[in-house]
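Construct the entire structure; sequences and hints are all you get.
Order-wise, the sequence lines are chains A and B. The opening position of the first sequence corresponds to residue 1 in the working numbering, with each subsequent residue numbered one higher. The opening position of the second sequence corresponds to residue 1001 in the working numbering, with each subsequent residue numbered one higher.
Each hint should be verified, as a subset may be incorrect.
[What the hints assert, rightly or not] Label pairs and their in silico Cβ distance ranges:
{"no.": "1", "chain 1": "B", "residue 1": "Q1064", "chain 2": "A", "residue 2": "S269", "range": "20 to 30 angstroms"}
{"no.": "2", "chain 1": "B", "residue 1": "N1256", "chain 2": "A", "residue 2": "R91", "range": "48 to 58 angstroms"}
{"no.": "3", "chain 1": "B", "residue 1": "A1056", "chain 2": "A", "residue 2": "G291", "range": "51 to 61 angstroms"}
{"no.": "4", "chain 1": "B", "residue 1": "R1297", "chain 2": "A", "residue 2": "G35", "range": "56 to 66 angstroms"}
{"no.": "5", "chain 1": "B", "residue 1": "Y1134", "chain 2": "A", "residue 2": "T3", "range": "44 to 54 angstroms"}
{"no.": "6", "chain 1": "B", "residue 1": "E1392", "chain 2": "A", "residue 2": "R127", "range": "42 to 52 angstroms"}
{"no.": "7", "chain 1": "B", "residue 1": "G1186", "chain 2": "A", "residue 2": "K124", "range": "52 to 62 angstroms"}
{"no.": "8", "chain 1": "B", "residue 1": "K1314", "chain 2": "A", "residue 2": "S64", "range": "22 to 32 angstroms"}
{"no.": "9", "chain 1": "B", "residue 1": "G1019", "chain 2": "A", "residue 2": "G125", "range": "15 to 25 angstroms"}
{"no.": "10", "chain 1": "A", "residue 1": "G205", "chain 2": "B", "residue 2": "D1054", "range": "32 to 42 angstroms"}
{"no.": "11", "chain 1": "B", "residue 1": "D1220", "chain 2": "A", "residue 2": "N179", "range": "22 to 32 angstroms"}
{"no.": "12", "chain 1": "B", "residue 1": "H1331", "chain 2": "A", "residue 2": "T3", "range": "28 to 38 angstroms"}
{"no.": "13", "chain 1": "A", "residue 1": "D41", "chain 2": "B", "residue 2": "S1025", "range": "49 to 59 angstroms"}
Just so you know, the hints here were simulated from the structure itself, not pulled from any lab data. The beta-carbon is built from N, C-alpha and C at its ideal position, and this holds for glycine as well.
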Amino acid sequence: MTTPVVVTGIGVLAPNGLGAADYWAATLKGHNGIGRITRFDPSPYPARLAGEVPGFVAREHLPSRLIPQTDHMTRLALVAAEWALADAGVRPDELAEFEMGVITASASGGFEFGQNELRNLWSKGSRYVSAYQSFAWFYAVNTGQISIRHGMRGPGSVVVSDQAGGLDAVGQARRQIRNGSKLIVSGGVDGSICPWGWVAHLATGRLSTSDEPDRAYLPFDTEARGHVPGEGGALLILEDAEAARIRGARSVYGEIAGYGATFDPKPGSDRERGPRRAIELALTDAAMEPGEIDVVFADAAAMPERDRIEAAAITAVFGPRAVPVTAPKTMVGRLCSGAASLDIAAALLSIRDGVVPPTTNVSLSVEYELDLVLTKPRASVVRAALVVACGHGGFNSAVVVRAPR
Amino acid sequence: MRRRVVITGVGVLAPGGVGVKEFWSLLSDGRTATRTITFFDPSPFRSRVAAEIDFAPAAHGLSQQEIRRMDRAAQLAVVATRAAVGDSGVELTELDPCRVGTAIGSAVGATMGLEEEYRVVSDDGRLELVDHEYVVPHLYNHFVPSSFAAEIAWAVGAEGPAIVVSTGCTSGLDSVGHACELIRDGSVDVMIAGATDAPISPITVACFDAIKATTPRNDDAEHASRPFDGTRNGFVLGEGAAVFVLEDMDSAQRRNAHIYAEIAGFAARCNAFHMTGLRPDGRELAEAVRVALDEARMSAEDIDYVNAHGSGTKQNDRHETAAFKRSLGEHAYRTPVSSIKSMIGHSLGAIGSIEIAASVLAIEHNVVPPTANLHTPEPECDLDYVPITAREWHTDTVLTVGSGFGGFQSAMVLTRAGRSTS
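Right, here's the structure in full:
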C-alpha cells in the first residue's frame, strides 16, 4: 500500500489574480486577465496579447538582495512558494531539512534576464555580462532559489516538458514522497514575456493574432485560431498524508491520486497520438473508473488539430458528453510550465467549493461531443478531477486529484 | 520485490574522440582533450580554454534537415542514442512503444543555437525589440529544450514518458536516476536516458568569466584542467553527450543482453546554501552519498572506486573531499578517487552521464581512469586521486557524484551485475 500524497498548500500568481483566493474569485466571475502586452512595446509583432500578472511589485514581497539576481519569473516563483507554505501552515525551520524537497517545472528558464545579458555581451562586450547570468537564466533556477530560501535540503529536481511540465513535476514529487520525503514544493511558475521570448513563441505559428482579449483564445470553438501565452502559475505543497496529519496540517485540499505520461508518435506516423493513453494511465494509477471523474480540466490548445485530438481522447475514455469539461485558462492564457499546476490548483478548489469554473468566451463547435462548461460556473459535487496537459512536440500528461478522505 | 535496473547499452560523444572505444582509450591513456577555443575567437575572454569535440554531424548519419533544426547538443544526444541502442541489441520495435521512455539531462539546453539566433534577430544586440521577420521556424525548439527528449523519442520510436531533467551540473546523474525510478516503479520497461550539453559559446564563456569559475590558464591549454591539484584555479568548459539503454534486470537477462552494470542506488539533495557557493564541510553531498549507499544496501567499504565531480575549482574539490570523508569515513583514504574532467573538461549537465559511462567502463575493464595534471598535492585534498596514470584495480562497485550551481548534490552507486543483494 502506497502512502497517499496530499496537497496542503496552494500559492498562485496568475494573470487574473494574485494569490489563490483572488485567482479563484476572478476565475469564478469569469474575469479575463488577458490584455495587450505592457512589458514591452508589442506593436511590431503580429501577436500583441498576453496574460501578464498584474500589480506584482517584487520589492514588496522579496528581500532587495534577491532582485538583481533573479528573472521576473523566478520572483513570481519565490512568492508563490512562500504563499503556498503559508497556506499550508508550514514552518520549514520546524521540519527535518533533508525531508523537504523542491521539484519544479521550467520551460525556458529566466529568458528575459538572458536576453538582457545577451544584449550586454553583443552590444557592449563580455565584461558587461552580469555575474548572475551563470544561474539566473538556467532552467534549474527556481528550484535552487526556493530550496535556499526555505532551507529545504531533500530531493531537488527540475523537469522540462513544455506545457506538460506542471504535471510532470507533481508526478515526480509524488514519487519522491513515496520514496520517503515528507514534503515537496512542486508545480510550475513560468513566463518569458520579453521580445526575445516573444519571437520564439511566434515561431510556432500557434499564437492568436487577435487584438480582442475576449476573442483571442477560443479552444474548441469554430473560431479557434491559436492561443495567448501568459505568465505565472501555481506552486503546491505536497505532503505525505500521515506526515501532514502528525504536524497538524490545517487543511487538506485533496490527494494526487493518479499520474500518467506518454509521448506522441513521430509526426507523420499513423499511430494514435498519446493523450488518450496518458488519461487512461492516470486513471489506472488512481485505480478509478472514468465514471468516478466529475470534471476534466482540458489542455485546450485552441488549434483545431490539437483540439480534435484532445476532444477525441476525452470522448474515447468517458463517452460523448459524459463528463463536464472546462478550460479556465481562457482567462489567463497558456502559462508554459505554469499552466498545468494552476489547473491542479483550480481542480482542488473545485473540489473544495463544489463548483466547476467556466471556459469563458467560447462557443462550442458542434464538431466536439464535449460537455464544455461555458460562460458561468456550474455548481456540482466534485469528488475527483482529471487535469490534462500537452507540451509542444508531443508531451502528454494527466493527473487525477481526489477529495481528501 | 523491487525491479532492478541495469545498463545494457552505452553511447558516448566526448572531447578527444567520438565513441565508447575512443573515449575509454583517452581516459585509460590519461591523455587530455583540452585546447584553446576554436569555435569562435576567444581573445576577448578571460578563460580561453575548452574541451571541444571534433564532430561532423553528417558523418554520423544526421540528415541536413535534422542538422538544421537541432542544436548541437541535440545532435550529440541523438548520435549517442543511436550508438547506445545499437550497442544494447535491444529490439525496440518488438516492444510496446508506450513502455519505452526518454529522460535526457541538460543544464543549458540549446544555448549555442539560441545565441546564434539571438545575434541574427537582434542585429548583434543593437535591437531591443528583436525582429521576428528573421526568426527560424525551429526557434521554439531551442527556446524549450524538451525538444531534446522529443528528438530522441522520435529517433527510437519511444512513446512512453519523455522528459528533460535540468538541474544544472547534476542533470546527467539526475536524468539517469529519474529513469531508473520509472523502471523500478513499473511505469516503463526500457528507458533511453543520458545527458547532453554543448555550451562552448560566447555567452557561456562570458558568464563563467564574470564569476571567475573557469581557469585563466590560457598559456597551457593542454594541462589547464587540474582537479585536486594545489595549483588549480577553475574548471575548463567542455561539451558532450552520453546516453544509455536502461532495462529491468530480468528482461535483460532473458534476452541474454550484455549487462554493463546495475544502478544500485541514487539520491539527489539540495544544499540550500547558495546558488554558486559551497559550504566547505560537504554535508549535503555526504547525505546524498549516504542515501544512495543505503538504497543500494551497501556500506562505504563496498565502494571500490569513486568517480569524483572534481571540477578543478578551489571550492569544489575541497567541498567534495570533505564530503567523501564524511560519508565514507576511513574508507575514503583507501579507495581510489579520480576526476575525468582533468582530461575532457566539464560539460555541465552532460558530464554526469559521461561520468556514469566512465564508471561502468571502469567496472568493465577493472581499470580506474586517472586524474591527469595532478602534480602538486595540497593539504585540503589528501585522498588517493590516482594521479597521471590509470590503475589496474579490481572494480566491482563505483560511486559517482555531481555537484553544481543551484546547490544540487547527487550520488549514484553502480555495481557489477549480480553483485548487489538489494
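How the hints compare with the structure:
no.: 1; hint: B/Q1064 x A/S269: 20 to 30 angstroms; in the structure: 22 angstroms, holds
no.: 2; hint: B/N1256 x A/R91: 48 to 58 angstroms; in the structure: 55 angstroms, holds
no.: 3; hint: B/A1056 x A/G291: 51 to 61 angstroms; in the structure: 57 angstroms, holds
no.: 4; hint: B/R1297 x A/G35: 56 to 66 angstroms; in the structure: 57 angstroms, holds
no.: 5; hint: B/Y1134 x A/T3: 44 to 54 angstroms; in the structure: 52 angstroms, holds
no.: 6; hint: B/E1392 x A/R127: 42 to 52 angstroms; in the structure: 48 angstroms, holds
no.: 7; hint: B/G1186 x A/K124: 52 to 62 angstroms; in the structure: 54 angstroms, holds
no.: 8; hint: B/K1314 x A/S64: 22 to 32 angstroms; in the structure: 29 angstroms, holds
no.: 9; hint: B/G1019 x A/G125: 15 to 25 angstroms; in the structure: 39 angstroms, violated
no.: 10; hint: A/G205 x B/D1054: 32 to 42 angstroms; in the structure: 36 angstroms, holds
no.: 11; hint: B/D1220 x A/N179: 22 to 32 angstroms; in the structure: 46 angstroms, violated
no.: 12; hint: B/H1331 x A/T3: 28 to 38 angstroms; in the structure: 34 angstroms, holds
no.: 13; hint: A/D41 x B/S1025: 49 to 59 angstroms; in the structure: 56 angstroms, holds
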